[in-house]
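Chemist: Sequence:
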Amino acid sequence: LVGDYLTGKGYLCNFNVSYRKADGRGAGSDIDVLAMRQTPPHDVIVGECKSWEVGVRGQRMVDNPAHTDRRYFKPLFEEEWADGLAAKVREEFGQKKGSTYVIYCARLRDDGDALRKRRVAGNRVQVVTLDEMIRDTNQRLDDKQNHSVEPTTLGRFVQLMRHAGIKLEFP
Numbered sequence: 001l002v003g004d005y006l007t008g009k010g011y012l013c014n015f016n017v018s019y020r021k022a023d024g025r026g027a028g029s030d031i032d033v034l035a036m037r038q039t040p041p042h043d044v045i046v047g048e049c050k051s052w053e054v055g056v057r058g059q060r061m062v063d064n065p066a067h068t069d070r071r072y073f074k075p076l077f078e079e080e081w082a083d084g085l086a087a088k089v090r091e092e093f094g095q096k097k098g099s100t101y102v103i104y105c106a107r108l109r110d111d112g113d114a115l116r117k118r119r120v121a122g123n124r125v126q127v128v129t130l131d132e133m134i135r136d137t138n139q140r141l142d143d144k145q146n147h148s149v150e151p152t153t154l155g156r157f158v159q160l161m162r163h164a165g166i167k168l169e170f171p
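In terms of the numbering used here, the sequence shown is residues 1 to 171.
These aren't lab readings, by the way, just hints derived from the structure by calculation. Don't be surprised by glycine CBs; every beta carbon is placed ideally from N, CA and C. One or more hints might be untrue.
What the hints assert, rightly or not - Listed below are the simulated DSSO-like cross-link pairs for lysine-lysine, each with C-alpha atoms no more than 27 Å apart in a straight line:
no., residue 1, residue 2
1, 50, 74
2, 144, 117
3, 117, 50
4, 117, 74
5, 117, 9
6, 74, 167
7, 167, 9
8, 9, 50
To be verified - Restraint ranges, calculated between C-beta atoms of paired labels, are given here:
no., residue 1, residue 2, range
9, 70, 162, 15 to 23 Å
10, 60, 167, 28 to 36 Å
11, 163, 91, 26 to 34 Å
12, 139, 24, 19 to 27 Å
13, 49, 144, 41 to 49 Å
14, 24, 68, 32 to 40 Å
15, 124, 55, 16 to 24 Å
16, 132, 164, 40 to 48 Å
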């Protein structure tokens, strides 16, 4: 879904991109979605995707260094991983400019501010929920000038819900 969401916003996406800590030691990790906007300013997104039923608890992870969920967000909490990630982004895109580290999650259990205040290799952090992706896609369809078939699965799903008369109502 995240790849579809980003494609609908004009990004080219690559998935499960392997990388290592800056020192090259230990087992590797992967970037769930690595994306670059096709048109200037060619923004780069490093996406971490979590579909946890219980949701992401950012404040709890930030406050508790021993929290087990931290292992799923290595670049967010360990500088060696953040530096390795930044090196991989430079290698993939041949650019030195920054990227945005985005946590895409099905559910966020708090306001996400504790995560957004952090930095990954000096780059900002965002949190985007499934709710926000669907809202944004729905708004993008409202703003479209034509009524052509959506090219992404997420966009097409939202489009079909609208055609079926299913109301997308958000609190």
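Chemist: Tell me, in ascending order, the numbers of any earlier hints that this structure violates.
Modeler: 2, 6, 9, 11, 12, 13, 14, 16
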